[in-house]
Amino acid sequence: MNKEKILRRLVIKAFHIDKVEVGDKNSIDKRMLTIDKEISKNLVKNEELIEDINIKIIKPGQHDIYVNTIMDIIPVSTKVLGKIGEGITHTLTGVYVMLTGADSKGKQMHEFGSSEGILKEQLVLGKAGTPSKDDYIIHFDVTLKPDIPYERKLPLSAFKACDEFIQGIRMALKGLDGRDSTESHEYLDKIRPNSKKVVIVKQIAGQGAMYDNQLFSDEPSGVSGGKSIIDIGNVPMIISPNEYRDGALRAMT
Amino acid sequence: MGIGPSTKETSLHHFRDPLLDVVSGDKDIDLMGIMVVGTPQDNKEKYFVGQRAAAWAEAMRADGVIISVDGWGNSHVDYANTIEEIGKRGIPVVGLSFVGTQAKFVVTNNYMDTIVDFNKSKEGIETQVVGENNVAVLDAKKALAFLKLKMRKEGK
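Just so you know, the protein sequences line up as chains A and B, in that order. Just so we're aligned: 79 in the working numbering is position 79 of the first sequence, and the numbers increase by one with no gaps anywhere. Just so we're aligned: 109 in the working numbering is position 109 of the second sequence, and the numbers increase by one with no gaps anywhere.
Excised from the complex, chain A in its bound form (with noise of 0.2 Å):
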């Protein structure tokens, strides 16, 4: 009775990569991530309120440069087995991507203030929330198309195209081999019957366009198969240890 009971278990490989570079196609092989040149064209030309995409390498240490409002950094990781929460999930280190956006006349994605500027001024690096000193970062920067009244739909466009080319990554690494990896982590969720019982409440944003979150992604961090917290009301939902250490939530503040 007074054992810890283990409900769940979800293992979190990572692969860590030293180098990012442009190629013919996404792939991932002895610590290097490759990704496709041509990509972006194709992304283009699925969203019709993007006008362009431009997908660039920003090596570490290279931080002097502008960049439109910093919309979310986002970790690459997928299942391998299992649903979120359980089971086997993939993960990059040492790269990041890094979404951002400005319609064609220049207007900022961000609704509450944005963070358009010289990069190594705009973001604190090291943080829980950010890459550090030595990760590469993908700067995915999307132009959307002028005078379109600021809706969800606008920056959602962006999302979507940005975790369309994320998918991309994710299936060079549903094919690394597990035993490949640089660090594995068990996480369980458990019952300790006689600790004090505690629960995290999180408020989120959820009221518009960049003021929203997703929950319940077909893949950990990502934006398809998902539900947004408006849609659902803004009602609370629980979500267990392990389902959001598995990216069970996406933010799209």
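Simulated from the structure, these hints should not be mistaken for laboratory data. Being a predicted model, the structure only gives us computed values, none of them experimental. Built from N, CA and C at the ideal position, the CB exists for glycine as well. Honestly, I wouldn't trust all of these hints.
DSSO-like mimics (lysine-lysine), calculated; alpha carbons at most 27 Å apart, straight line [claimed, not checked]:
1. A:K133 <-> B:K156
2. B:K148 <-> A:K3
3. B:K27 <-> A:K5
4. A:K197 <-> B:K120
5. A:K59 <-> A:K120
6. B:K153 <-> A:K196
7. B:K122 <-> A:K190
8. A:K5 <-> B:K104
9. A:K197 <-> B:K141
10. B:K148 <-> A:K5
11. B:K142 <-> A:K190
12. B:K153 <-> A:K153
13. A:K3 <-> B:K141
14. B:K141 <-> A:K5
15. B:K104 <-> A:K197
16. A:K3 <-> B:K150
17. A:K5 <-> A:K174
18. B:K142 <-> A:K196
19. A:K37 <-> A:K197
20. A:K133 <-> B:K27
21. A:K45 <-> A:K107
22. B:K148 <-> B:K104
23. A:K133 <-> B:K122
24. A:K197 <-> B:K122
25. B:K141 <-> B:K44
26. B:K141 <-> A:K196
27. B:K88 <-> B:K156
28. B:K156 <-> A:K196
29. A:K59 <-> A:K160
30. A:K3 <-> B:K120
31. A:K120 <-> A:K19
32. A:K45 <-> A:K105
33. A:K5 <-> A:K30
34. A:K105 <-> A:K56
If you anchor each label on the Cβ, the simulated ranges turn out as follows [as the list claims (entries may be wrong)]:
35. B:D28 <-> A:N42: 48 to 58 Å
36. A:N54 <-> B:R152: 52 to 62 Å
37. A:G117 <-> B:R152: 41 to 51 Å
Given the coordinates of chain A, work out where chain B should sit on it, guided by the hints.
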């Protein structure tokens, strides 16, 4: 004001959230789950979702709640209300919020006596610098320590 660049939590932050790490790693705590609650526009709905969050915590027989908010200003209306609803039900509650010099609470109540301010900027303002005013490990440890004290005091 809703959510600024320095206070927003990125998807990467959610993926490796310090608050979850600290609370789930403490053997004295049985973490039942993470409850996410949104911020509706309408005032009536703001009160409604806050009440539902508190009703959940009560139904779970929570000994304590840590509540964190990723925006400020208008979203402090929701925040204060949810804290009040939880507090009214006799559940010890500790909050985490960006406050600084800029985000003085628009509304407040008796249950908002333990709020950890996670502002990191010198001026205490929304700096528009991504990642600056987010919850870090130390903030999470403080909140958990406060909650433990509060639970003990209230005989939980």
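Which hints, by number, does the structure contradict?
1, 4, 7, 8, 12, 15, 17, 19, 20, 24, 25, 30, 33
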